[in-house]
Each structure stands twice: as structure tokens, then as C-alpha cells.
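Q: What follows is the residue order along each chain.
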Amino acid sequence: MSDMTHLDKLEAEAIYIMREVASECEKPVMLYSIGKDSSVMLHLALKAFYPEKPPFPFLHVNTTWKFKEMIAFRDQTAKKYGLEMLEYINKDGLAQGINPFDHGAAYTDIMKTQALKQALDYYGFTAAFGGGRRDEEKSRAKERIFSFRNEQHAWDPKNQRPEMWKLYNTRIRPGEEIRIFPISNWTEADIWQYIQRENIDIVPLYFAKERPFVMRDGNIIMLDDDRMKLRDGETVQHDRIRFRTLGCYPLTGGVRSQADTLEAIIAETLSAVSSERTSRVIDSDGGSASMEKRKREGYF
Amino acid sequence: MNTLLKFITCGSVDDGKSTLIGHMLYDAKLLFADQEQALLLDSQMGSRGGAIDYSLLLDGLMAEREQGITIDVAYRYFTTEKRSFIVADTPGHEEYTRNMAVGASFAELAVILVDATHGVLTQTRRHTRICSMMGIRHFVFAVNKMDLIRYDETRFEKITADIRRMMAEYEFTSLKIFPVSATEGDNITKRSTQMLWYRGTSLLTYLENIRTEQEEENTGFLMPVQRVCRPDSTFRGFQGQIEAGLIKAGDMITTLPSGEKAVVSQILDAGKPVSSAGCGHAVTITLDREVDVSRGCVLVKDASLCVGSLFTVRLLWMDDAPLVAGKNYYLKLGTRLIPAVVLHINHKIDVNTGNEIPADTTFKNEIAECDISVSDKIVFDRFLNSQALGSLILIDRVTNMTSACGIVLKNIKRSDNLTWQKLEITREFRAQQKEQNPVTIWMTGLSGSGKSTVANALEKRLVSLGLHTMLLDGDNIRMGLNRNLGFKQADRIENIRRIAEVARLMNDAGLIVITAFISPYAQDRLSAREIIGKDSFFEIYVNTPLEECERRDVKGLYKKARSGDLADFTGVSSPYEAPDSPDAVIDTSELKLQECVDQILHALEARELLPARVASASQQAK
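Note that the protein sequences, when read in sequence, are chains U and Y. Going by our numbering, the first sequence opens with residue 1, and the numbers climb by one from there. Going by our numbering, the second sequence opens with residue 301, and the numbers climb by one from there.
Simulated from the structure, these hints should not be mistaken for lab results. Beta carbons are placed, not taken as given, at the ideal position from N, Cα and C, and that holds for glycine. Hints may be right or wrong, so weigh each one.
To be verified - The list that follows gives simulated cross-link-like pairs (lysine-lysine, PhoX-like), each with its CA atoms no further than 25 Å apart:
1. 572(Y) - 80(U)
2. 9(U) - 664(Y)
3. 572(Y) - 79(U)
4. 166(U) - 572(Y)
To be verified - Pair ranges (Cβ atoms, derived):
5. 151(U) - 548(Y): 45 to 55 Å
6. 103(U) - 473(Y): 52 to 62 Å
7. 314(Y) - 189(U): 52 to 62 Å
8. 199(U) - 535(Y): 18 to 28 Å
9. 239(U) - 565(Y): 21 to 31 Å
10. 548(Y) - 199(U): 21 to 31 Å
11. 267(U) - 638(Y): 34 to 44 Å
12. 270(U) - 472(Y): 32 to 42 Å
13. 621(Y) - 176(U): 11 to 21 Å
Just chain U, same shape as in the assembly (with noise of 0.2 Å):
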């Protein structure tokens, strides 16, 4: 062991999860939000399998409202590696006109939990991996690296199985399905320096340049098409904003800043002095346990 660093470890760890879930479950997905994080984790799936691709295909659950250099990413990413990468919407929320500006929390259920769980009923995986980590937030941080859901993709927390040194248990019911988190034990800062050290490619938008933006609510938004309505009072502001997590546009909170490199990112990271979720406008709504109360429910 001697010879390996903090991140090859933890590098080890996640290709080994990602191997026990090829070989185990019957039908498996990786869950592709675009992110970093999911950067994080494709790579790591390259590499797990190198020189066979991933053997599985790639869901991204769109709600149509995300960055518009968030999709050219994720189709330029597809096409780079040649992956099978699947895009999921809810048409009837679609249909409905379900928008953030107007359904608030409404919104991430219809346009984010609900369409996870019919893309995965409609493809059928019985196994989907997710790029969350323990370090995002309290109940997350209580979560099993193997997570169970039951027939209406819900999580237990009060009654988790027991997982015990690497013996992963991946058995299942028919209709159960199980989430799988192979970079549980990744802090932001592993993450960045492993998009340093492993040259990774990353969404633009994580990098500081001038963009219009509001502020609204405290939340610094970015202008990203003209769905977006300004609000009597707010003004269109330019400067150098960058995001320190990818989401839907007028969900995500931008930060002023002038990191424009990924050193410079590492930096700010390392003294931040705010945890990387408060910049999400959704986790805000409903307290502490607002979180675990959407793990319930299905969300990821």
C-alpha cells in the first residue's frame, strides 16, 4: 500500500466498486449529469474497463432547462468515447409547461425525481451508479456505498444493509433497484485535484469569465437564454462569475471570481468557506433534512 497516494486510493476503491457492479448486476446504467463530478466518473469507468468501453450505457435525465454549454459538453464527451448515451425527459411535465420560475420545488420533483424514476422503469436498469459523495451533505453522508430502493425507488435509511468490508451485496428483488455511489468517500478538493492530476475534461463553466447574470434572492444567476424573465428592479450585471456546481440555470448559483485555471480553482476550493451545496437554490428549500426528505421520494 505504501506506495500509493490519498487519490490513488480512493481511485482504486471506485474502479473496484465499478467492476463488482458489471459483473453482478443484470442491468446497469451510470447516471450522466454533466458535472464534474460525472466527469469524475466516466473517467473512471474508462478506466476500469480500458480496453473494453464502459459496458453500459450512459443516462442523462434532462429537464431542459440546463446550461446550454452543459449539452454540447455531454454530446461532444459521447462522442469522444463513442458511448451509448441516453437522454431522458419527462414529456407530460414538458407538455405541462412544469418551469423553475413558476413550480418551484414542484419543478425538481416533476422535471428531475419523477423522470429519474421513469427513465430507469422504462429502460429497466436494475442498477444505476451516481457520482454523489459523502462530503455533500448530512444524510448523504449516512448513506451506504450500495443503496437499496424499493418498487417506488425509495431509500430506507432506517434500515440499510449492512456493508461489510468489500463484500458488496447486490442482490435484488424483481422491481427493486440498486444506486451505487463509487466515489462515496471523494471530498470536493479530491476531486479537483484529481481533474488536475488526470487531465480531465470539464464543462467551461466552471472556469471564471465575464457572463450576465441577476441577482436574485441572494443567488447570483446566470442569463443563459431568454426563458428567463427579469423581475421588476433587477438589472443584468456583467463579471467574472464561475459555478461551482452544474445544475439547471436558474437553480444554480454562481460565485464572483477570478479562478480561471484549474490551480487557481484548487485554491479557492481549499479556503472555501462555504460548502459547495449552498450555491444549489433547491437544497435550501425546506431545512436540514430537506435532502434525505427527496432521497425518500426517489431523487438521487
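Starting from the structure of chain U, add chain Y where the hints point.
A: Same frame as chain U, but now just chain Y:
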């Protein structure tokens, strides 16, 4: 280079585990501003009258906050200037012992808390025992709440002596005992000014400096194969994580269990070509020749491992359903998943004293030593030699629950005097001679559902069609072959095992066997299916409603059960687990007897288990 330490905090409930870690993070300035703000806010409403409740940083589940206890392991990540840490904060309640074990199996070092006002408790002993069993060799004891005993050195010395006495039983590499106060912060990140008599470092300083890496002795190489990578016909690589030793291109390795030898051609370390790779690396290895290797096999060099199917283990039982000898499970060891049966519980172990207690069942959170037999030869080792090939889990075959975790204590060599005698007159020959498919028609259903009546009528019909049959009936078998068995769970399992073995012998003899037993548990029928063979096992669910069975009450048993004179009676005071996908379902309250028989014959035909001559004859007979 930043090293990583994985440790757990454990100990009895209310000994202050979450508070200790919370305070460590707070004092070491390892919190983000928003986390600190949320903590201060939450503490306002907390139980410490507005003072900071550090445990709130860790107890993340709603139920935990509601109940003010820790239910499941929480993982926290922090980095100081000297080291990166992953800490698993584990629950103290006995009820959640299995979650504590999850944390212990993950850690290299344990910080065990002891409440200075209580001293060493049973739960302290239980957690210490489990830490040791899971392979932890570095122990730290934090004697907490020193503030409540006015930082009394004498009291601390007494507890220290108790801890050292307790630890005498275990193997360990390091042992250190700290007097601390988690709420006040004494000796957590800085030395306490309240205990000048204590001359050691703070707990955090100790954790930053302790070395836990094992000395790399000249151990042999071993790698359990996770998967075979074959992107095309030109490449065949074996993927897995190296669990011990070093491998170089050109090395001669042995594949187990087959014992073939081959030379390593190429090594990919996480996808990149390398000339050698050591312990912990996730590699892909190609060999210079074709070998019989699949998932579950092990590649070795200069390592001696056991290859066998019988071994003694120590188990920590984690399932609500108790362990009973004779029950079938799936066993996962290394990368191998295989059917297994717990043959015999040798004894339980008293968590407090370590004494052996005779037992024939084991309940949740108990430790027992058992003999386990697996259905094929596998590669394993004693846990003391190899954590990777000496640790295992048992999985319930019906609920899929991880029922137990365990460690291999020793290999049991089977007597070589017994070898399966190959018969020259084969089963196929005997079947052909009788011009029939030997199957076992397994009828399951409540008492009084009509199993025996239908079985008798079915046998008569089959015989009239010129087939050779044998009927095994519940009560008759219990009066003869199984008369030494009672109705305890272990006996019930043995009852079904014997019946299934007899049915198989009769199938081997070419006979069509009909059995009529209540066989209420899915697990037992699964075992029978395995013994008999799934192609020969034909399950019929006699689904007569309970009210009808009870109305008939042929043997007067329902009456007795309802009046309490008969315990554990299926359908009344003991469950009946209906089959998920039987080959046929019949309801004797709705069908006439001959219609039931017809239905079974149709189902047999549908699975092509009746010879052609009979299939047409059975049509004509209608």
C-alpha cells in the same frame, strides 16, 4: 505526500462519540462557515440550553435528530496540515450493533469512548470485540466526561487498568488511552489545562502521527479475479485488485482453484501499461496462454491458500431472523458468490466474557462459531493471513438481506475416503427403460387444503397411464424415516432436506415422485428445489382458502390450534409463505378432484414432462 487514516469512533450510547468528532472538527477549524452557522442555529433549539451541541454536526438523519441518538454510521472527511482523515461515527445502541460493525470493517483504527462516570460497560466490551474481529489492530480509548468527575486522576487510572485487562484477550499493534472531555474540548485538539497530571499529546496530534501501514513483509502475490475483460478476440485480461504482494511482467503465476500455470504478459494499472504493480492497485493482467479462469478465481504467486468447500468461521449475526443450523444462504467471499449451508453451530461467544456458550440458534448481534459448507471448491484463507480471502458475508436467499458477516478461522479437510461413486447404469438409462421423465411433483399448501387427496388421485391417474410413481406423504414420513425429528426450526429444515434427498434418489431410480407436505417456508422449498434439481422440480400450490381448510379440519388440528393446545400451527399461529411462481395452482374448493388432476397433467405437459404416448392418452381419457 498526504497519507490517509480511516478510523471509527465507537462505544456505548451517550458516551459522546458524535460530540467528540464534532468538537474536533470545530476546534481544528475544519468547518465551512455555513455549517458553523447552521450548528449555532440548531444548538439554540437543542438540549444543551443554547450551548453548542457538537453532535448535531454528525447526526444527519431526521429520526436521529428526533430521537437524539445515532442510528447509522456517518462518514466525515477532514484534512489537517499533516493528514487526511475519514472517520466513521458509529451508533452506540446495542440494537444498531450491525451498523457499528459496518464502520469497524472499514477502519484501520478505533477510537473507543468510555464514559468516565460509568467505566467499562458491556457495550464497550462488545464494540472492542467486534473491532478486533473485523481486523482492527490499532486501538485508542478516550475516557470521556472527565469534567464530570472533576478531572480525577485516580478514577482515570482505575478505568485505564480495566481497559488494559479487557485488551489482554486481543491481538493489537498499538494501544493508547486518553482522558478527555468532548463537550469541553479537553485533550481533543489541544492539551487540557485541567489535567496537568496528564503528560501525553492531544488525541488529534496522536491520530495525525500514528503509523498504521502494515510492514510489507515478503508476502506472495494474490489477486481475486473480478471480471474477464475481452473487448475482442485478440485481448483477454483478468481484472481485479491486488490484495497482497507485487506482480511483474514475466512472472509465473498459478490460477486457483484449477492450478494451471502461466506467465504474465502485460499489466495495466487503472488502464495504463506498467511493468509491475503492488498491493492495492486495480489492474488488468494478460497471460501468455489460455487458462480456465473466470470471476471468483484467484491468481497467485508464492502464496499458499486453501482450496476447499468446508471451513470453520466466526460470524456476527446481523439479521432479524435468527441463524439456524441447516439453512441455506449465499456466501460471498472475495469475488465468489456461492450457495452455502451452515452445517453446525459449534458455540456462541459471550460478548462480555469471551466464554463459549453451547447453542443451536444465534440471534441478531450475537457472535457464533460455525462450520460452513459451500457447493463447490473455492479459494480462501484464514482471516489472520488474508483479510481479502478470509472475510465473508452470508446473504438470505429469500429476502436478500446481508444476514451475517464472518471471518474464516480454519479449513476443514474433508475425509478423502468418501468419493461420489459414478454409477454405470445412469439416471438417463433408468428413465429411458421406464419410458418417462423422472420428476418430483412437490405439492405445498395449508393443512387440510387437500394435498394428500389430490396426490393420491394424481398417482392413481399416472399409474393408469402406465407410469411408474412413488408418493411421499408428510405424516407417513414423519412416522418412519424422520421419526427422530421434532417441529423446531432446525428439525423442520432437516425434515425437508431428507425428503428432498429421498425424492432425488427415487428420481435417479427413474420414478416420478409426488410429495405432499405443508412446506410453508419459501426458503425450504428453495432448498428442496436445489437438491432435486430445478429441471426435475415441479411445484404445485394447493391454494385452498384458509376458511375452507379450517371448515374441513379433517384431523381436528385447527380446533386445537385455535384453542391454543397446538403451538406454531401453519395458517393460525405460524406463517405460510405462498410460492412466487409455482408450476400450477389449484383450489380444491372450486374444482372437482378429477379437474385438479387434469390441471396438473396439463401443466406437466406444458413443461414437456410427460412422454408423448401419455400426453395423447391423457387427452383421450378426458
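Q: Kindly indicate which numbered hints from before are broken by the structure, ordering the numbers from low to high.
A: Of the numbered hints given earlier, those the structure breaks are 2, 7, 9, 11, listed in rising order.
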